[in-house]
Amino acid sequence: MKRQQVIIGIVALVLGVLLFATPFMFIGITAVKSAAEASHLGLSLPSKWLFWENFMAVIKARNYMLLLAYFNSTVITVGAISLLAVSAAMIGYVIQRRPSKWNGFIYALILAGLMIPPAVVPTIWLLKELHLFKTLHGMILIQVAYGLSFSVLLFRSFIASIPRDLDEAAIIDGAKPWQVFFKVILPLLKPITITVVLVQSVTIFNDFTNPLYYLPGKDNVTVQLTLYNFQSQFSSQMNLLFMNILLVTIPPLIMFIFFNKQIVKGMTAGAVKG
Amino acid sequence: MKSSRSYPYWFILPSGLIYLVLFLVPTVTAFWFSLTQWDLFETRFIGLENYSQFFQEPFLITGAVNTVVFGAVTSIAKSILGLLLAVLLTSGLLGQSFLRTLIFFPVLVSTVGIGIAFTEIMHPARGMINVGLSYLGIHGPAWLIDPHLALFSVALVDVWKGVGLATLIYIAGLATISSDYYEAARIDGATKLQMFFRITVPLVRPATVTVVTLSLISGLRSFDLIWAMTKGGPGFSSDVLASVIYKQYQAGFYGLSTAGNIILFVLVALIVVPLTYWFNRREVDL
Amino acid sequence: MKDLVKKLTVIAFAFSAVSAASAVELSILIDNNPDTVALTQALTLAYSKKHPDVKFEMELRPGGAEGDNIVKTRLATGEMADVFIYNSGSLLQALRPSRTLEPINDIANFSNILSSFTSTVSDKKGNVYAVPAQTAMGGGILYNKRLYKELGLKVPMTWKEFMANCAIIAAKSKAAPIAQTYRDSWTSQLIVLADYYNVQSEQPNFADDYTNNKAKFATTPSALRGFEKLQQVSEAGYFNDYYGAATYNDGLNMVATGKAAHYPMLTFAIPAININTPDQINDVGFFAQPGDDASKNGLTVWMPNAFYLPKEGDHKDIAKDFLSYVATVDACNTITNAIGANGPYLIKGCTLPDNVFPAVKDMLPYFQVEGRTAPALEFLSPIKGPMLEQLTVEVGSSIRTAKSAAELYDQDVEKQAKQLNLPNW
Numbered sequence: 082m083k084r085q086q087v088i089i090g091i092v093a094l095v096l097g098v099l100l101f102a103t104p105f106m107f108i109g110i111t112a113v114k115s116a117a118e119a120s121h122l123g124l125s126l127p128s129k130w131l132f133w134e135n136f137m138a139v140i141k142a143r144n145y146m147l148l149l150a151y152f153n154s155t156v157i158t159v160g161a162i163s164l165l166a167v168s169a170a171m172i173g174y175v176i177q178r179r180p181s182k183w184n185g186f187i188y189a190l191i192l193a194g195l196m197i198p199p200a201v202v203p204t205i206w207l208l209k210e211l212h213l214f215k216t217l218h219g220m221i222l223i224q225v226a227y228g229l230s231f232s233v234l235l236f237r238s239f240i241a242s243i244p245r246d247l248d249e250a251a252i253i254d255g256a257k258p259w260q261v262f263f264k265v266i267l268p269l270l271k272p273i274t275i276t277v278v279l280v281q282s283v284t285i286f287n288d289f290t291n292p293l294y295y296l297p298g299k300d301n302v303t304v305q306l307t308l309y310n311f312q313s314q315f316s317s318q319m320n321l322l323f324m325n326i327l328l329v330t331i332p333p334l335i336m337f338i339f340f341n342k343q344i345v346k347g348m349t350a351g352a353v354k355g
Numbered sequence: 003m004k005s006s007r008s009y010p011y012w013f014i015l016p017s018g019l020i021y022l023v024l025f026l027v028p029t030v031t032a033f034w035f036s037l038t039q040w041d042l043f044e045t046r047f048i049g050l051e052n053y054s055q056f057f058q059e060p061f062l063i064t065g066a067v068n069t070v071v072f073g074a075v076t077s078i079a080k081s082i083l084g085l086l087l088a089v090l091l092t093s094g095l096l097g098q099s100f101l102r103t104l105i106f107f108p109v110l111v112s113t114v115g116i117g118i119a120f121t122e123i124m125h126p127a128r129g130m131i132n133v134g135l136s137y138l139g140i141h142g143p144a145w146l147i148d149p150h151l152a153l154f155s156v157a158l159v160d161v162w163k164g165v166g167l168a169t170l171i172y173i174a175g176l177a178t179i180s181s182d183y184y185e186a187a188r189i190d191g192a193t194k195l196q197m198f199f200r201i202t203v204p205l206v207r208p209a210t211v212t213v214v215t216l217s218l219i220s221g222l223r224s225f226d227l228i229w230a231m232t233k234g235g236p237g238f239s240s241d242v243l244a245s246v247i248y249k250q251y252q253a254g255f256y257g258l259s260t261a262g263n264i265i266l267f268v269l270v271a272l273i274v275v276p277l278t279y280w281f282n283r284r285e286v287d288l
Numbered sequence: 312m313k314d315l316v317k318k319l320t321v322i323a324f325a326f327s328a329v330s331a332a333s334a335v336e337l338s339i340l341i342d343n344n345p346d347t348v349a350l351t352q353a354l355t356l357a358y359s360k361k362h363p364d365v366k367f368e369m370e371l372r373p374g375g376a377e378g379d380n381i382v383k384t385r386l387a388t389g390e391m392a393d394v395f396i397y398n399s400g401s402l403l404q405a406l407r408p409s410r411t412l413e414p415i416n417d418i419a420n421f422s423n424i425l426s427s428f429t430s431t432v433s434d435k436k437g438n439v440y441a442v443p444a445q446t447a448m449g450g451g452i453l454y455n456k457r458l459y460k461e462l463g464l465k466v467p468m469t470w471k472e473f474m475a476n477c478a479i480i481a482a483k484s485k486a487a488p489i490a491q492t493y494r495d496s497w498t499s500q501l502i503v504l505a506d507y508y509n510v511q512s513e514q515p516n517f518a519d520d521y522t523n524n525k526a527k528f529a530t531t532p533s534a535l536r537g538f539e540k541l542q543q544v545s546e547a548g549y550f551n552d553y554y555g556a557a558t559y560n561d562g563l564n565m566v567a568t569g570k571a572a573h574y575p576m577l578t579f580a581i582p583a584i585n586i587n588t589p590d591q592i593n594d595v596g597f598f599a600q601p602g603d604d605a606s607k608n609g610l611t612v613w614m615p616n617a618f619y620l621p622k623e624g625d626h627k628d629i630a631k632d633f634l635s636y637v638a639t640v641d642a643c644n645t646i647t648n649a650i651g652a653n654g655p656y657l658i659k660g661c662t663l664p665d666n667v668f669p670a671v672k673d674m675l676p677y678f679q680v681e682g683r684t685a686p687a688l689e690f691l692s693p694i695k696g697p698m699l700e701q702l703t704v705e706v707g708s709s710i711r712t713a714k715s716a717a718e719l720y721d722q723d724v725e726k727q728a729k730q731l732n733l734p735n736w
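Protein chains in written order, with the working numbering: chain Z, 82 to 355; chain F, 3 to 288; chain X, 312 to 736.
There may be inaccurate statements among the hints.
Stated by the list, open to error - Chain Z regions said to be covered by chain F (calculated; three or more residues, Cβ under 8 Å):
| no. | region |
| --- | --- |
| 1 | 85–94 |
| 2 | 103–114 |
| 3 | 165–177 |
| 4 | 320–328 |
Bear in mind the hints are in silico, worked out from the structure with no lab data behind them.
Ideal Cβ placement from N, Cα and C applies to all residues, glycine included.
Assemble the whole structure, with the sequences as input and the hints as a guide.
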């Protein structure tokens, strides 16, 4: 490392920490203060560290609503992601490999999914007709529908970089289409799959608007909705609100720590080749 | 090659069906509902009245302009900053992988949580930013409560939260540029600046397309952050189309809100489709 | 998967359940205001004590427009709880009560409910839909009594006197004459809404003419006055620093501690002041927003939220019996014990204890003289536009003039009137 790199590095580190870490420090510090100290909004250290007290107050609020919310959010995220990852890969595979006059149309439909804001009220009405309104599996299907376009696009461009010779060789060997896909192609998609899983699971876990519309009822509360519920309840207790923000941030943080390296790899391979 | 047999369309079915039923069908029915006066209990066909009513909304113009400004400002800022950060963070700096991590992390954090936190951080008197600026002898602006600044304050937070993703995409893009180009340029005696504009910028184009398109679409549709921070205020000064639509929905004007949704879609399409077309044509030229 | 959720729910809620084996369980949807929660808890507990076979399950929703939306959607989709709390007046009319709600004219204690209330929760056919959940409230100005005493000020009887008081406060004390809190933008509407007594005393037919599209805010001078008053105090610079970033709670704290002299607000804020700053609750007083004529001084009154039943409820009879209980003196006392009394009850025979807070005491004389109160416009006309709070923020922030805001508001209510299919629109 050259001297210049070290110096610029130090400057960048200082700036980076200032710009990107202090907001999180602020959240963390406010979360362990007393209500009175938290209302001053400062970055000063709390006179008394109330981590455990605030933590328990948030967990216990509304009959342990947060625990139930974690459970619901986990079920929705895991359910939607498993469905989304495999089926989006299948769609991306077919439309990339099979050029036909339908492609333009299919591509337009996919783009529509990226651009059109969902029509909320008709969707509620439809979900009710299908007996899916206010159910976790209904919510899972909604998340699959809304996340599909983005995932398919990522898979499609990644698959474009996999040589066709691979599947053709397998087909000549007599493999059935699903065997080709699941045994030959899918294993090669690991980097982009990780990216899709990470990006989508964070999106779904952090989703606030859709559960608000499609999943009412206190048994169905999700993690982001607790934030929203507590915002009015804790309006004079900023410390508890920020403790809640802190707790809501932990699952993505864990995901991130585990998959940090793979995200970059997946992006390298997928997103760029457009 | 019999592609029809090797790549069967039934692969599309499982999620395609879900997409059809839960996304496309409601979207199409929305066109019908947008032509009715609808209070969830009954619908009455009123033709295009919702559209004319929506266009008479005094704040629709503000909302539409704000939508475009917000989308443009955030996507331009994200692509420029993203590229610069990507170049910086691939130059072998001290602690560069830590910095990459740090900058990317906000992407993963809940928008609502960020919105709540930054509303306090941007408090004009007690907020961290203005307190920090006062140490430097600067009297900070009123951020979210200044009607001329509110939208840009939210945009600033949006860029803060999203620039990590842009950086990451650019880092990936930079990795695909062969180092031969730089070698050759160095032998020809090119400066770093020349190399940046002559080699990096043109060759990282696919990444630019991805960054601009993604952040433009999400910027034009942006709602969560604006709603969590200003609710479109003060007054109507940071209203975007999505928040105008949401307010109509809240007020129980479902037909009107659905019509607004369709107008938003048309606006997004009018901006994004030509842009994509233009990007793709340029690609062929290259 | 559903069973697992249920199981977890049962575990999570076992703490609160005082469960008996074969009890009927009424679900009850309420807003998350701490007072609402406390009074509902007290009422349901008292009722269960009398009827051990009836249990309640409370479900909370956010307040404000978000909450309206949830109530509307759940009624429309047939997912409403057995009992729910909601506003009376114009917001109720948007629920299409004759279509979605169960009339309660047949409950045992129906005749206990005062007609001044039932008129705000009924339809044209005379069906009444609700029992009040709290006392009537006043909309006016909370003020700091200590500051008034120190500066030798008197409660103003005209707007002119009020402005004179503000000028003295601005000159002689550090306090802000008026607290405004636009981070919670709904609080910005108070000066306009609480002026309605003055509108009515000058223009007794305004509400009817307004409903029939014959009178407008922008073209009726007395109605425009509310907007003008807001513009006037804003231009005079009487507001607290950074009022754009201040919250409702900030406003309450300011007026209680004397950092602000006045806070235009509804009296439902009094219990919250008592929770936030119990030592200062006796420093807070209340007066009606004055008009231009001292001889016509009176209070604009808000009707409280109320308990409603959806049309297709499962336990209609039990739910009705519960509502009938709410319309008793015993229930009033239960509410008083739970959250204190904030104004006159709307149930016959209910009285207030002698030790009510000073701000409540200040409000009672208005009710004792015929003609010194008038309901707020939203209880006289089904039309209320959703944009008012943004417009009043603009007027209060000197972004827009009173006249222009009133014109835009007139335009805004048109949508509501059309949606309700009112004649003449």
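Name the hints, by number, that the structure is in violation of. none
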